[in-house]
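J.: Sequence:
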Amino acid sequence: GGFASCTGALVNNTSQDGTPYFLTANHCLGGQNNWVFYFNHETTGCNGNNGPTDQSVSGSTLRASNGGSDFALLELSQTPPSDFDVQYVGWDNSDNTTVTSAVGIHHPSGDLKKICFENDAPYHQNVFGTSCWYIDEWEDGVTEGGSSGSPLFDQNHRIIGQLFGGGAACQGSSNNGQPDWYGRFGASWDGNNSSSRLRDW
Numbered sequence: 072g073g074f075a076s077c078t079g080a081l082v083n084n085t086s087q088d089g090t091p092y093f094l095t096a097n098h099c100l101g102g103q104n105n106w107v108f109y110f111n112h113e114t115t116g117c118n119g120n121n122g123p124t125d126q127s128v129s130g131s132t133l134r135a136s137n138g139g140s141d142f143a144l145l146e147l148s149q150t151p152p153s154d155f156d157v158q159y160v161g162w163d164n165s166d167n168t169t170v171t172s173a174v175g176i177h178h179p180s181g182d183l184k185k186i187c188f189e190n191d192a193p194y195h196q197n198v199f200g201t202s203c204w205y206i207d208e209w210e211d212g213v214t215e216g217g218s219s220g221s222p223l224f225d226q227n228h229r230i231i232g233q234l235f236g237g238g239a240a241c242q243g244s245s246n247n248g249q250p251d252w253y254g255r256f257g258a259s260w261d262g263n264n265s266s267s268r269l270r271d272w
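Take any residue in the sequence shown, count from 1 to its spot, add 71: that is its number in the working numbering.
No wet-lab data here; the hints were simulated from the structure. It cannot be assumed that every hint is accurate.
Unchecked claim - What follows is a list of derived Cβ distance ranges for each label pair:
(1) Asp125 - Ser180: 19 to 25 Å
(2) Ser245 - Asp156: 30 to 36 Å
(3) Phe199 - Asn263: 16 to 22 Å
(4) Gln242 - Asn263: 24 to 30 Å
(5) Thr132 - Phe155: 32 to 38 Å
(6) Ser265 - Ser245: 40 to 46 Å
(7) Asp182 - Pro152: 30 to 36 Å
(8) Asn263 - His195: 29 to 35 Å
(9) His228 - Thr150: 33 to 39 Å
Positions of the beta carbon are idealized from the N, C-alpha and C atoms, including for glycine.
Working from the sequences, and respecting the hints, build out all of it.
T.: In structure tokens form, the structure reads like this:
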């Protein structure tokens with residue numbers, strides 16, 4: 072329908088068998104059986120507003136979700152074709168507080184792929200009852216609406232969370248200096264059953 076919302080990432084499993092698991096935010100859920108997932112919606116430079124939308128998969132099944140860390144794990148209806156050259160991202164479930172820096176990759180408002188850099192150490196915080204990594208302020212780049220569910224990577228390039236919310240946004244062409252909160256992958260690992268935790272998948 073021309074409406075783009077939320078971001079996510081394909082995540083690897085311990086079997087490394089290419090099961091198309093897609094990590095995003097719990098608050099993004101609704102109608103995911105009919106979602107269209109776009110890949111490689113990006114450009115080689117920083118300018119321009121148009122990127123390819125010819126690589127997509129339609130439909131998914133919800134495997135697990137939990138509002139306590141705002142995660143949702145979907146399984147795509149089909150594996151993305153090899154010519155999409157997708158990457159299955161690694162992750163760290165240790166919930167280790169020795170993370171020294173972080174990077175966010177996202178599609179604000181469904182826009183072309185963007186990147187943010189946090190040069191300081193994110194830390195654990197409980198925000199509105201959600202177990203989060205707290206980003207005080209991005210040093211370079213910024214998220215916006217539509218970035219929800221996007222992966223947060225540690226200094227080892229492993230996912231440690233997905234975007235829950237925050238006040239970060241553009242102020243003209245600059246970062247407004249506000250914080251962001253990411254649901255913690257380590258907190259998502261365990262739960263009451265397989266539909267509320269990542270461990271089983």
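J.: Are the hints correct? Go through all of them and say.
T.: Taking the hints in turn, this is what the structure says about them:
Under the hint 19 to 25 Å, the C-beta atoms of aspartate 125 and serine 180, about 20 Å apart, fit the expected range. Between serine 245 and aspartate 156, the C-beta spacing of about 33 Å keeps the proposed range 30 to 36 Å intact. Against the hinted window of 16 to 22 Å, the Cβ-Cβ separation of phenylalanine 199 and asparagine 263 comes to about 21 Å, which satisfies the hint. At roughly 41 Å, the beta carbons of glutamine 242 and asparagine 263 sit outside the given window of 24 to 30 Å.
Between threonine 132 and phenylalanine 155, the C-beta spacing of about 20 Å breaks the proposed range 32 to 38 Å. The beta-carbon spacing between serine 265 and serine 245, approximately 44 Å, falls within the hinted interval of 40 to 46 Å. For aspartate 182 and proline 152, the Cβ-Cβ distance of about 24 Å falls outside the hinted range of 30 to 36 Å, so the restraint is violated. Roughly 21 Å separates the CB atoms of asparagine 263 and histidine 195, a value that falls outside the hinted 29 to 35 Å.
A C-beta distance of roughly 23 Å is found between histidine 228 and threonine 150, which places it outside the suggested range of 33 to 39 Å.
Going through the hint list in order, the structure does not satisfy hints 4, 5, 7, 8, 9.
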